[in-house]
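Single-letter residue listing:
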Amino acid sequence: MATVTAQFPTSTRELAADLTGIAGKRRTKNIVMTALMALAVILVGFVLLLVLITVVTKGWSIVSGSFPMWFTKDIRLSARRPGPGMKAAIIGTVVITVMATLIAVPLGILGAVYLNEYGRTRPFAQVLRFLTNVMAGVPSIVMGLFIYVFWVVPRGIHGLNGFSGALALACLMLPIVVRSSEEMLRLVPQNLRDASYALGGSTSRTTVRVVLPSAAPGVISGCLLAIARAAGETAPLIFTIGAAKATNWNVFKGTNTSLSMQIYGNAKESFVTAQERAWGAALTLIALAFLFTVLARVLSARLARTR
Amino acid sequence: MTTTPADLSDLRPRRQIIDRLFKGSTLAAGALILLILALIAYTITGKSLPVFRAEGVDFFTERRWAPTKEIYGALSFIYGTAVTALLAVVISVPVSLGIALFTTQVAPPKLKKWLVSLTDLVAVVPSVVFGLWGIIFLAPKLAGTYKHVSAWFDGWPILGHVFGRTGAGRTFMTAGLILAVMITPIITSIAREVIETTPQTDRDGALALGATRWEMITGAVLPHSMTGIVGAVMLGLGRAMGETIAVALVIGSSPTITANLFSSGDSLPSVIAFQWGEATTDIKRSALIAMGLTLFVITIVVNLTATAVVNRATKRVQGT
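Chains as they are written, first to last, in my numbering: chain X, 1 to 307; chain A, 1 to 320.
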């Protein structure tokens, strides 16, 4: 019996002490968990900063050390020999990405228009929406294999060119463009459409003159993000563009190269000269990707303000 | 004046035709997605057949990969894909959840904008750049760390095997770490969106009952968003399994099945990228394409499950 009574606090002072004890524990737990959450943020920020600083410091020495030549000379034939030259890869990245954009962006926006303006809740539109998600999850290397089997093999040795690479990148971009554009079209208020219909506008006219212009900032910034992602892709290009060291402006003919392919190829080499080139190409590629991202932000902010 | 009605009647069919053409082209663009997916499945399966004919089911159960002896087994690559992707998820989930919770529940609005940009920025870095950083900067540094850790755990019952002896820097673990960084933005952004759907009244209610912020998170926010977070994690898993170049550079490219995470290994996408240049025979190309097919099927299953989970979560939330 004595033990049972001993479990209860005998005075109010003891009770108060107990309560602050619990409150202190709870408060400590709260503080510790909040600190852990902040730590997660700091950790990722630290890793990102570390990657960026390494790329910038290592890349800057070769890019600036051979300033104009980095952008004007073709790539060295031997990985062992030092020296600059990434023009072929820069041009390759630009022409292949532009080609992929010309294919994927119009198709993607049209697809989004179908989903949001015509299909809406119809079963076929629901199926397409679902398949867009499926396609967005297909690994980029599978897209490369697909274009290789479907497009490159039937054309034999001439199949390896910038256009084949652009097709593979376009396959990657398409679901991203469709998804982000549809989301933006959905945000356009219905009464804008109704107003256009009331004035006698057809669905096509309403879409082109009213809906798309008012969704433009979001649609464009979504597309730019898709482009930035495609420009950095390597895996689909391994099977489709072949290997080149000289500048090739022609997307439709002849093998090509890209910054991402040069980083991949040079990173595998054990020569310091090759690794230097990889860092330089990485800096160039990151600068391009960030440029597009910043452009996307600025453009969507400006377009949103003028409206 | 008499021409006006004629003009109008002329105008109407033309406008109708334009309208129909426009609708048709949007429909065609939408249907293209269906077509492409069907073509991927059809063409890749077709090119995989030679190796399936030669190896049969052994393709999936054979652990040896010896193209010179015409032995093509995908098991060690499937194992490597699973191990690295799971490692990445295990490492990334607490970090991603921490960032998502900090961004939505703790950070003031101004800081919140910056934090969203921070995670977006990680997503902008191309995977080949992570690979380059991993192979030249990170892997040599980690090789020493791995030695220390394995010496520490030497002789322990299970951990002694998991953190086994090593001399390599390019390992399952390195690949898992790089992948963890790469999938963090995906998991974080979806988790953030899901968490933000928690009704303000639920959070206020918890706080009014005297809960601390952490108790509010565990009592109101997490139960509400759990299904969506599971979906987010699965999408991250799917992405990690399909990631090619970064893994190809840091995994070490030697097909092995071992419990030792500090050992070099290989994964499905990595072997396809790495050996494509050397694959000159039709049967070896077929074997690599068959691995692509395997990857395609696995990622689709994972992604479909994830989408179903996320959809059910959002529907339940919107329904109530």
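No lab work stands behind these hints, which were simulated from the structure alone.
Treat the hints loosely; a few may be bogus.
Stated by the list, open to error - Short, incomplete list of chain X residues facing chain A, as computed with Cβ under 7 angstroms:
(1) 38
(2) 260
(3) 272
(4) 275
Computed from a prediction, not measured in an experiment: that's the story for all the values here.
All residues carry an ideal CB built from backbone N, CA and C; glycine is no exception.
Verification of the hints:
1. For residue 38 (chain X), the shortest C-beta to C-beta distance to chain A is roughly 6 angstroms, which falls under 7 angstroms, so the interface hint holds.
2. The beta carbon of residue 260 (chain X) is positioned within 7 angstroms of a beta carbon in chain A (closest approach about 5 angstroms), and the interface hint is therefore held.
3. The beta carbon of residue 272 (chain X) is not positioned within 7 angstroms of any beta carbon in chain A (closest approach about 10 angstroms), and the interface hint is therefore violated.
4. With 7 angstroms as the threshold, the beta carbon of residue 275 (chain X) comes within range of chain A, its nearest partner Cβ sitting at about 6 angstroms, so the hint holds.
Comparing the model with each numbered hint stated earlier shows that hint 3 is the single one that does not hold.
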